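Enquirer: Start from the sequences and build out the full structure, keeping to the hints where you can.
Protein sequence lines correspond, in order, to chains A and B.
Residue numbering for the first sequence follows numbering that gives the first Met the number 0, beginning at 0 and increasing consecutively.
Residue numbering for the second sequence follows numbering that gives the first Met the number 0, beginning at 0 and increasing consecutively.
Hints in this document: simulated from the structure, not taken from any laboratory.
Distance windows between CB atoms, simulated: (1) B:A418 <-> A:A248: 46 to 56 Å; (2) A:D115 <-> B:A418: 33 to 43 Å; (3) B:F76 <-> A:R139: 52 to 62 Å; (4) A:S146 <-> B:E406: 34 to 44 Å; (5) B:A418 <-> A:E68: 35 to 45 Å; (6) A:D176 <-> B:K422: 29 to 39 Å.
If the Cβ cut is set under 8 Å, some of the chain B residues that face chain A in the computed set are: (7) I445; (8) F449; (9) K451.
All of these numbers come straight from a predicted model, not from anything done at the bench.
Just so you know, even glycine gets a beta-carbon here, dropped at the ideal spot from N, CA and C.
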Amino acid sequence: MLSIKNLTASINGTPVLKGIDLEIKAGEIHAIMGPNGSGKSTLGKVLVGHPAYEVTGGEVLYEGRNLFELAADERARAGLFMGFQHPIEVPGVSNAAFLRLAYNKKAEAEGRDELDPLEFDDFIHEKIKLVSMKEEFLDRSLNEGFSGGEKKRNEILQMAVLEPKLAILDELDSGLDIDALRVLGEAVNKLQRPDRALLIITHFPRILETIQPQFVHVLSGGRILKSAGKELATELEDRGYDWVLEEAAAGGAR
Amino acid sequence: MTSTFNVVTSQEYKYGFVTDIEADSVAPGLSEEVIRFISAKKGEPDWLLEFRLKAYRHWLTMSEPEWAKVDYPKPDFQKIVYYSAPKPKKPQYASMDEVDPELRRTFEKLGVPIHEQEALAGVAVDVVFDSVSVTTTYREKLAAVGIIFCSFSEAVKSHPDLVKQYLGSVVPSSDNFYAALNSAVFTDGSFVFIPKGVACPMDLSTYFRINNKESGQFERTLIVAEEGASVSYLEGCTAPQFDTNQLHAAVVELVALDRASIKYSTVQNWYAGDKDGKGGIFNFVTKRGLCKGKASHISWTQVETGSAITWKYPSCVLLGDDSIGEFYSVALTNHKQQADTGTKMIHIGRNTKSTIVSKGISAGDSSNSYRGLVKVQPKAEGARNFSQCDSMLIGQSCSASTFPYIEVQNRSARVEHEATTSKIGEEQLLYFQQRGIPAEEAISMIINGFCKDVFRELPMEFAVEATRLLSLKLEGSVG
Ligand SMILES: Nc1ncnc2c1ncn2[C@@H]1O[C@H](COP(=O)(O)OP(=O)(O)OP(=O)(O)O)[C@@H](O)[C@H]1O
Ligand SMILES: [Mg+2]
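Expert: Given below as structure tokens:
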């Protein structure tokens with residue numbers, strides 16, 4: 000589904016991604032862990048088309064197409080989704096109106112019927128149950144004044160509405176209380192299908208107990224230094240990152 | 000950089016065409032002779048000529064105001080044409096069939112409903128082309144309930160006493176440089192009179208069009224609502240695209256008697272000049288409403304998107320006890336446009352209330368200032384004001400400023416002021432795009448959200464028009 004080869008990218012002339020290789024197949028769940036500032040969010044933003052980042056090399060194929068030939072909104076309509084680490088606030092734009100427009104844009108692109116406000120109302124009520132969100136959040140301005148956890152819940156609501164093929168969830172777990180973590184983790188699981196894939200960016204193994212990855216990657220200094228199975232997450236929690244860095248340095252292969 | 004943003008070239012100004020029509024104009028320049036010519040052309044009574052000459056003599060002693068945060072070459076008042084009328088000279092047509100077909104096509108192109116049968120949702124329209132009003136629709140229907148809606152020139156002839164009573168009663172001819180100039184040379188505009196107890200059954204509207212390259216537009220509008228009367232009035236404007244600047248210096252006076260209510264909405268889309276700031280309208284306008292009676296209500300709503308320079312402060316003088324003044328404004332500037340706009344709320348009567356909601360949007364290299372005065376005079380016991388001034392910046396090289404002036408001379412008064420500045424940046428836009436919403440629609444949604452409190456005040460069709468206009472004006476300015 001997604002194939003990243005030797006991807007390099009920089010921001011304001013400073014290289015942040017220094018050669019990423021990653022292969023994600025339908026049905027798979029991948030986790031990326033790594034120290035602060037290592038480039039995890041950058042990887043996600045580059046994939047979804049953030050204009051501030053310059054792709055300096057490598058290639059990314061999404062369902063066989065060159066991802067970088069698509070505009071950010073086209074990537075989204077093609078099924079790529081990113082739940083942001085810090086969702087932005089948009090005053091005056093109602094959450095419901097935003098969700099409906101996003102839904103309809105995708106429906107239009109896929110040749111499905113668009114939903115009018117009444118139909119959307121029924122549709123969205125099912126979706127908010129999935130993430131246990133209170134109805135009043137639909138009428139509020141998009142993310143405005145939402146708490147950190149409420150913003151994350153809203154990200155997953157959007158994911159539920161759009162049903163993406165590949166969702167990148169950047170630190171979904173940070174800022175969530177224990178119950179919210181479980182509810183949203185389960186919601187994400189329910190949305191996962193054999194023809195979909197997930198890329199979970201996190202610092203903590205806890206969320207990976209609910210959303211269980213087959214692969215865990217360590218990203219540090221703009222490179223993936225180690226990839227292994229789910230057990231790597233707990234090992235990292237016990238031992239930190241230093242040993243991975245040392246191992247990589249000793250390997251010296253690169 | 001692989002920017003994935005759709006860069007759309009900025010939408011050309013759609014109303015920038017010139018109508019090739021024979022005009023009856025006076026030679027450029029200003030003198031007592033020119034004023035006498037205009038007055039004679041319009042067959043005005045002596046008192047009105049005197050009013051003009053007095054204003055002119057006062058104007059000669061005044062100098063252009065310098066305090067606004069706008070920078071422009073001072074107009075050469077001797078190069079302006081002060082009177083230009085499409086021929087035939089007849090200032091009012093009995094039916095649309097008499098109107099020059101070229102002129103008719105102009106308004107069709109502009110989408111202005113000048114045929115009653117085509118009129119939008121029954122809005123009565125007065126159409127002003129350069130210096131004269133060319134047609135007013137629905138007059139008979141309105142006359143049946145005692146409402147007078149006609150061109151200013153016509154009102155001078157048919158209702159001289161009303162005009163004499165109220166003209167200059169809110170904006171004296173010596174009020175400021177541009178008001179004095181307007182009082183000397185004004186050519187046409189609209190006159191509205193709503194008698195006691197009548198609620199105007201439809202929205203009234205004036206459409207202003209500057210066509211002549213050298214002509215200034217100096218329109219004069221006077222709206223009077225008697226006791227318990229109410230009216231909603233809409234004003235729209237466009238001009239052709241020239242590489243020189245044209246001057247627009249209007250005066251609008253509103254008078255509301257006891258319990259009367261006047262709602263005045265403007266969507267201003269004068270030509271703004273090109274990307275490099277060449278050409279465009281200088282819009283120097285004095286608009287003021289007098290809440291003369293008890294519990295009277297005047298509300299200004301404006302959406303300012305055009306003009307090279309905007310200098311405009313629709314104000315309310317709250318004289319009657321319990322009267323209410325409101326000002327809702329969206330001012331958008333792009334490229335090299337400059338706007339200095341805001342309001343004055345003068346609280347004189349007891350328990351007077353005012354609300355100010357100002358939304359400034361700046362993009363490109365433009366400069367956008369809010370300037371507002373809230374003044375509470377000693378006798379305004381219990382006066383209240385709430386002001387909200389928000390600015391939104393798009394891109395790196397524009398600027399926004401807020402200049403609130405507050406003068407309170409009564410201790411029981413409550414005055415609140417809130418201000419915010421935000422940015423539509425890449426982050427906000429990416430968020431929308433990441434959810435599958437194209438950049439243009441995203442901008443329009445964000446801007447609409449930002450302006451919601453103002454658009455809510457506009458009549459439905461105007462709100463739709465305003466939304467569309469803002470999106471058009473901003474195309475290509477993000478990303
Ligand atoms: N706009 C920017 N200007 C300059 N440097 C930036 C910018 N955005 C990101 N960076 C830098 O790029 C590097 C990678 O940042 P990124 O956000 O991808 O880290 P991260 O792995 O997600 O970290 P965290 O775990 O703290 O979220 C950091 O050193 C960061 O400071
Ligand atoms: Mg991060």
